[in-house]
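Engineer: Quick note: the sequence shown uses the numbering used here, first residue 1, plus one each step.
I should point out that these hints are in silico values taken from the structure, not numbers from a laboratory.
Check each hint, because a few of them may be wrong.
[Unchecked claim] Okay, derived cross-link-like pairs now, BS3-like style, lysine-lysine, Cα gap no bigger than 30 Å in a straight line:
{"hint": "1", "residue 1": "Lys180", "residue 2": "Lys81"}
{"hint": "2", "residue 1": "Lys180", "residue 2": "Lys348"}
{"hint": "3", "residue 1": "Lys259", "residue 2": "Lys233"}
{"hint": "4", "residue 1": "Lys180", "residue 2": "Lys343"}
{"hint": "5", "residue 1": "Lys81", "residue 2": "Lys348"}
[Claimed, not checked] Across the chosen pairs, the derived CB separations fall in these ranges:
{"hint": "6", "residue 1": "Gln293", "residue 2": "Lys233", "range": "29 to 39 Å"}
{"hint": "7", "residue 1": "Glu24", "residue 2": "Arg71", "range": "18 to 28 Å"}
{"hint": "8", "residue 1": "Glu121", "residue 2": "Ile481", "range": "35 to 45 Å"}
Every residue, glycine too, gets a C-beta built ideally from N, C-alpha and C.
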Amino acid sequence: ALRYPGSKLLETQRDASVRIDWLETPLARFAPGLSLEFRGSLPDQLGLTLDADGLTGVAPLVPDSLGSYLRHLPEWVLYFKQSPPENVLVLKTLGGQQALAAVEAGTSSVLVQTPYPLLTERLAEDSRFPQIEFRATEARALLAEDCPEPCQKPEQNFDRILVAIESSAPVGSTGMDPLKTDQLMSLEGMQSLLNRLAPGGWLAVHRFLLPPPRGEMRLLATVITAMRRQGWKPDQRLGVFRTLSTLMVLVSREAWTPKESSRFREFCLSRGFAPVYYPDMPETEMNSVIQLQEPVYAQGVRELLADTPAFHASTPFDLQPVTDDRPYFELFLDWNRLADIRKSLGGKWEGLVEAGLLVPLLFAAVSLSALLLIGIPILTHLRRMENTISVLLYFAGIGLAFMLVEIALLEKLTPFLGQPVYSFALVLSGLLTASGLGSFLSSRFSRTGIRFYFLLLLFGLFFCFRNLPDLLRELSGEEWIIRLLWAWLVVSASGLLMGIPFPAGLKHFAVFGKHTEERRIRVAMAWCANACASVAGAAGAVWIAQLAGQSILFLLGALAYGTAWLTLEIRGG
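Please take these sequences and the hints and turn them into a complete structure.
Structural biologist: Below, the structure is given as structure tokens:
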């Protein structure tokens, strides 16, 4: 961006979670989905990049940034020919343009959530609108913070809720998108949004279009399924339209009246937007504006409403709604339809990597590398020892189990604490410190003590498998420092117990009653087996989480530790 004529860097902000660069550049022109009927000009905007990537335009939150262009954005459907709402919630925004639209509509109170504290502070400092309040709390935590579900305080609900489009901005095809988690777009997250609608309230989710249709159709499937779980009839409360580059999904708390359908249709046609679905929409309008070769979005919505299983059976991608335990919204890979996916992506194999093949390929590569570089050098010594299978099974088992639990804690605590850097720092430092302490204390334990702590570890992991998600959900509305202390307690307790098996195994397999040379080889074999399993287990754990969910990692970790313990009991003497 700085290479473009007239561009210059104004300011750089940094903290532990993000680097923010503010630029003055003619490239900063952010108004996604702006109607082609608009003939005016946009206000001056600053450029914003996060970690030197993804340029976004930011209009200053001042009266000069208001204007008729806001009435030609897709978000204006929330206010078109309606009384000004009392309160509006804007989630996952970067520049706050959606808040400007709410102010333009005469809203009394606007609550804006951004992903980063630095950005929140800057926007709040520059804002000249007293009715706008900013929060940096994670979106799901914010919903639970003001009023834990189910919310029994009507005054804490919102007349309008908008999920901003910035969260769906397309990025380069690096294959990393399937690793991103988004609990706001899970089934449970969507139900949280619906639960916070006030009587007569509206929810809008704005998203970029990226063919072939994947994220857009998963969003629609999630919204429709969430409404059915609420006991709502989605065909009576859903509206969808598209612009040249974006899709807007609209949900009302009450069933649409003919007046609402007429208002929705008038808004779309007056702005040149293409209606995709609204109650009692005639089929003649399915592809009447911004025509496509095939009205795939209109057909997809109707198939989802009429026969959801048939829709999912007909698409080459996995577009089932995601859950809190498996919140990988951008993971679309269906292993049974790899050929169909490749065909839909123009025959390009790199499209499979973008759809979710990166992690399995990484798992295969690191497993092979670990075996070649760590495992094979020790093979020449296997015939010189007894009980080699027991040694390999034990130390590989505890290495694999450690990584399974570590990845599970990282995945579960990231949305709980709000930023990956917080969970990474806590889990890594907490596990290493606590497991080191556990290893030190294990030297004092007898065989009976080791057995007791193994059983305690298995019980703790099974508890995490069954109850940790519910515990974190209950605590998600607490202050950040309280959540941090609870997360530290979970990590420290797990790490303390997980530090015991390795030195206990060395004591029983390698040291007691063995000659010096055999002891040396056994120790080397123990480290090699543990290292191989740990290296492969890190990528394998992520793959398992994508396939079966994050909580299952605790159960598999308990199974691996249990297998190691049985090996110790049977052959350890």
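Engineer: Does each hint hold? Answer for all of them.
Structural biologist: Evaluation of the provided hints:
For a cut-off of 30 Å, the pair hint linking lysine 180 to lysine 81 is broken: about 38 Å separates their Cα positions. The straight-line distance between the Cα atoms of lysine 180 and lysine 348 is roughly 23 Å, inside the 30 Å bound, and the hint therefore holds. Distance check on the hinted pair: lysine 259 and lysine 233 sit about 18 Å apart at the alpha-carbon level, within 30 Å; holds. Under the criterion of a C-alpha separation no larger than 30 Å, the hint pairing lysine 180 with lysine 343 is consistent with the structure, at around 25 Å.
Our distance criterion of 30 Å between C-alpha atoms is broken by lysine 81 and lysine 348, whose separation comes to about 47 Å. A hinted range of 29 to 39 Å for the beta carbons of glutamine 293 and lysine 233 is consistent with their spacing of about 31 Å. Taking the beta carbon of each, glutamate 24 and arginine 71 are about 27 Å apart, inside 18 to 28 Å as hinted. A hinted range of 35 to 45 Å for the beta carbons of glutamate 121 and isoleucine 481 is inconsistent with their spacing of about 18 Å.
In the structure shown, a violation is registered for the earlier hints numbered 1, 5, 8, in ascending order.
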